[in-house]
Amino acid sequence: NAGVTQTPKFRILKIGQSMTLQCTQDMNHNYMYWYRQDPGMGLKLIYYSVGAGITDKGEVPNGYNVSRSTTEDFPLRLELAAPSQTSVYFCASSDPGLATDTQYFGPGTRLTVL
Amino acid sequence: AQSVTQLGSHVSVSEGALVLLRCNYSSSVPPYLFWYVQYPNQGLQLLLKYTTGATLVKGINGFEAEFKKSETSFHLTKPSAHMSDAAEYFCAVSEKGSNYKLTFGKGTLLTVNP
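Protein chains in written order, with my numbering: chain D, 181 to 294; chain V, 14 to 127.
Calculated pairs, SDA-like style, for lysine to any residue (alpha carbon to alpha carbon, straight line, at most 25 angstroms):
#1 V/K114 to D/L225
#2 D/K224 to V/R35
#3 D/K194 to V/N54
#4 D/K224 to V/Y52
#5 D/K237 to V/A14
#6 V/K114 to D/T204
#7 D/K224 to V/E108
#8 V/K109 to D/T250
#9 V/K119 to D/Y284
#10 V/K114 to D/Y244
#11 V/K119 to D/P241
#12 D/K237 to V/S111
#13 V/K62 to D/D218
#14 V/K109 to D/V240
#15 V/K81 to D/T282
#16 V/K114 to D/M221
#17 V/K119 to V/S83
#18 D/K224 to V/N37
#19 V/K62 to D/N181
#20 D/K224 to V/K109
#21 V/K114 to D/R248
#22 V/K71 to D/D281
#23 V/K119 to D/P219
#24 V/K71 to D/Y284
Reference excerpt, derived from the structure (chain D facing chain V, CB under 7 angstroms, subset only):
#25 M221
#26 G222
#27 T282
#28 F285
#29 P287
#30 G288
Residues from chain V that keep clear of chain D, each with C-beta distances beyond 12 angstroms, as calculated:
#31 S25
#32 V32
#33 L33
#34 R35
#35 N37
#36 S41
#37 F76
#38 E79
#39 S83
#40 T85
Because the hints were derived from the structure by calculation, they are not lab data.
Since this is a predicted model, take the numbers as computed values, not measurements.
In this text, a Cβ means the ideal position worked out from N, Cα and C, and glycines have one as well.
Please take these sequences and the hints and turn them into a complete structure.
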């Protein structure tokens, strides 16, 4: 049982490049979330999903896209990278229906845009 | 809308001293409250949570927190600090009607001095 896994761990992008941050969970959780963490700012919600095929915006969605084709995977797409997207990105999952309203976090992806 | 305020971005204590990290929240409905800990270059790990029932909740590593509705607070305490407690601590709130999305405070960095 690996929990929530994220790849890659680190990435450096040039301005205007695109990339996909991968997130996979093996706990059969319906809810999945993407957060970004900036120094001194806590974590901000980017997008979330309550099940396969259902996604919605969080607090800071601009510049990002998501899809949820399976229960296990919730990739985050950056189309035109900008320096403001330099951050640490965390994926999390939970399933209130299983009485586990706790969100379980992955180890994070550290992204630098130059 | 829900919000969280953590008083003190940096708290420094001596080993063996009381740890007190403050958290106040705002929520329009009965909240779910969480404390997460983040060790350097790692993801977030749940320390403890309050959903319903007993207002004094105990978590891992000897931490506990008390939900005080009248004060809209959920302060984290530990009677005796250990060097291994040095980390960043995040308070978070979610609401059942908001798809359990977490709103985080900005975090408190705990330093433990020998």
